[in-house]
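Start from the sequences and build out the full structure, keeping to the hints where you can.
If you're matching them up, the sequences are chains H and F in order. Heads up: the first sequence begins at 1 in the UniProt record's numbering, then just goes up one per residue. Heads up: the second sequence begins at 1 in the UniProt record's numbering, then just goes up one per residue.
Please note: incorrect hints may appear among the correct ones.
[Unchecked claim] Simulated pairs of lysine to aspartate or glutamate, DMTMM-like, Cα-Cα distance not exceeding 25 Å: (1) F:Lys37 x F:Asp100; (2) F:Lys214 x F:Glu261; (3) F:Lys165 x F:Glu256; (4) F:Lys37 x H:Asp19; (5) F:Lys167 x F:Asp100; (6) F:Lys537 x F:Glu491; (7) F:Lys214 x F:Asp500; (8) F:Lys37 x F:Asp103; (9) F:Lys214 x F:Asp224; (10) F:Lys37 x H:Asp41; (11) F:Lys165 x F:Asp243; (12) F:Lys247 x F:Asp224; (13) F:Lys37 x H:Glu17; (14) F:Lys37 x H:Asp51; (15) F:Lys37 x H:Asp44.
[Claimed, not checked] What follows is a set of in silico ranges between Cβ atoms, one per label pair, in the way DEER data are often shown: (16) H:Val77 x F:Asp307: 50 to 56 Å; (17) H:Thr56 x F:Ala534: 24 to 30 Å; (18) F:Ser519 x H:Glu75: 52 to 58 Å.
[As the list claims (entries may be wrong)] According to the in silico footprint, chain F covers these stretches of chain H (three or more CB under 8 Å from chain F): (19) 56-64; (20) 76-87.
These are calculated hints, taken from the structure and not from any lab test. Beta carbons: idealized from backbone N, C-alpha and C, even for Gly.
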Amino acid sequence: MTRPFTPKVVTANLLREGDVVYLTASDEWVGDLSLAEVLTDEADAAIRLIDGSRQTDRVVGAYLADVRQGSGGPEPVHFREAFRATGPTNYAHGKRV
Amino acid sequence: MYQYTDFDHAFLATRNAQFRAQVARRLDGSLTEDEFKPLRLMNGVYLQLHAYMLRVAIPYGTLGSDQMRVLADLAERWDRGYGHFTTRQNIQYNWPRLVDIPDMLDRLSDVGLHAIQTSGNTIRNVTADHFAGAAADEIADPRPVAELLRQWSTDHPEFQFLPRKFKIAVTGSPNDRAVTRAHDIGLVMTERDGERGFEVIVGGGLGRTPMIGKTVREFLPQADLLPYCEAIVSVYNQLGRRDNKFKARLKITVHEHGIDEIRARIEERFAQVRPLFSGVDQALLSELEAAFAPPAFLDNTPAPILDPLLRSFVDTNVTAHRRDDHAIVTISLKAHGATPGDATADQMRLMADLAEAHAYGELRISHEQNVILPHVRREALPDLHAALRAAGLGTANIGLASDIIACPGMDYCALATARSIPVAQAIATRIDALKIEHEVGHLKIKISGCINACGHHHVGHIGILGLDRAGVENYQITLGGDHTQTAAIGERAGPGFAYDQVVPAIERLILAYLDLRHSPDETFIDTFRRLGPAPFKAALYEQEARDAA
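This is how it looks when you write it as structure tokens:
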């Protein structure tokens, strides 16, 4: 029996600035996870990761991150991705500004 | 202090220009990320969780006021107003943009600072006793030797692609404040029949396989130091495991081959290398010893200390200087609830100003993530303390439970498996609320956010290791570690604790110690050594013990 596919988003860091970004359905890179394209099909996710990874002039280290659908859009499943989405917890830095 | 020569300045300018061109080629697409990554790492540039990170070397932890001011400038101009001092006496900037880093490096080079070999499989920043040149208990200032090693290892053509990173620490004191036994090479200055030399320790390291270094030479004459180190690194370069990153450090090489075989190979290589060192290194060392001559100390007559706050500060943050009328002052970057090791640009500038006013313009960074003014006139202590307090830098907690080492952890680090900083903040805040840390006395708590152990948790009296357990932060506690000349790896106490259970667990440990100790003179580690782990484990897992009863 195949395991159910956990929805994903494509995420990376901006090449010039280093900021955490997410790929939207219109191929934009945005800092707000809630605007990211949610990929519910494994094959689609693999293709979108290739799409994102090709943009080597804009981003570094693209990968797929697990998300779940929340009331305001996709939310991180793992705490690491939660910190990436919102910034460090010791200061109001990053996206906490 | 060592002053850069024309050669040094030219070397750095060339290197920075080279890196500026590499960044430009990466941005215009001429270099792929795979091609660029090793180049940026050679220049101290990481890509971390939220942003790039620039790690700047502070050789053997020594800074001048002018250099500290430039570190402040970088924080303010290109980062977010602060820097993070690390357990290897470096400073890290957490938010630089890649496009700005060449400018940051150029600014650093104005005052003889750089980020070369702060990453990559090379010989990293050579660290030293943070009280070097000032301590009452040292044989001699180890920094000339550290500088010699820095010059030898920087851009050494044979050692730019070692099996793994390589760390050297040196101390001039028998009281080891440089964690020499947890380094690939640890050098402990010693004397034999009036001759100066070093006990040479190899194969120490923390990380996923912690090991205390083994003595490979009881006494190495100082004149043989450089060729002997070259022999060690050469043997490692040949034998080190390049097939497995997790077994590639020298400690594994020593463990797998045995110290006797490693010693024989080093001696064999040393015999080949030694004749190649014609004495130029010793001539340079003589020049370096002159460069590190102590400042022209000013005689002074300190007044008796009556202010209780100042007395408390002196009790914890002041260490005996080689001169009675001077003191070593450690400035805590561990205000209760603050991020360990962080200093704002304003704080850096203030420390630079205070060093200039009261301490001959010298500062040091400790591996314990604090800042030291190594030569303070004792008569200046009241003014110094008042200025520090006004800037939030007057916390009197050096060596106490809230003087916690913490790596950046998952708040910043891409390798981390859990957070460190908030745990340290919460422990320090709780300890402050209980008002017990002065009663508890000397206690080293060290926190790492992953098994790479940048927070030195293995050698903490209480070590805390943050892990990811099925998608949840979980913290293992180790007990009985020791980073000094009696170095020891702490032993795991038992099952880990959830994030919100760590602080209560540490509180139980500390309160148990207060119950268990013979007297206030018996420190936590002494009590642990006398009783063993059982009563401490009972305190940690009291609920489980009750459930089992």
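Does Lys214 (chain F) pair with Glu261 (chain F) here, judged by a C-alpha cut-off of 25 Å?
OK: Lys214 (chain F) and Glu261 (chain F) at ~13 Å, within 25 Å.
Under the criterion that the straight-line Cα-Cα distance not exceed 25 Å, is the pair Lys37 (chain F), Asp51 (chain H) satisfied?
This hinted pair holds, its Cα atoms lying about 21 Å apart.
Just to be careful, I want the Cα atoms of Lys37 (chain F) and Asp100 (chain F) compared with a cutoff of 25 Å; is the pair within it?
17 Å, holds
Is Lys214 (chain F) within 25 Å of Asp224 (chain F), Cα to Cα?
The hint holds at about 19 Å.
Holds or violated: Lys37 (chain F) with Asp41 (chain H), Cα cutoff 25 Å?
32 Å, violated
CA of Lys167 (chain F) to CA of Asp100 (chain F), is that 25 Å or under?
Not satisfied, since the Cα-Cα distance of roughly 28 Å exceeds 25 Å.
Lys37 (chain F) and Asp44 (chain H): Cα distance at most 25 Å?
29 Å, violated
Verify the proposed pairing of Lys37 (chain F) with Glu17 (chain H), using a straight-line Cα cut of 25 Å.
15 Å, holds
Has the given pair, Lys165 (chain F) with Asp243 (chain F), been kept, meaning a C-alpha gap of at most 25 Å?
At roughly 15 Å apart (the allowed maximum being 25 Å), Asp243 (chain F) and Lys165 (chain F) satisfy the hint.
Range hint 50 to 56 Å: satisfied by the CB atoms of Val77 (chain H) and Asp307 (chain F)?
54 Å, holds
Given the hinted pair Lys214 (chain F) and Asp500 (chain F), is their Cα-Cα distance within 25 Å?
Outside the cut-off at roughly 39 Å; violated.
Holds or violated: are the alpha carbons of Lys537 (chain F) and Glu491 (chain F) at most 25 Å from each other?
Answer holds: Lys537 (chain F) to Glu491 (chain F) is near 11 Å, not above 25 Å.
The structure fails hints 5, 7, 10, 12, 15 and 17 (numbered hints given earlier, in ascending order).
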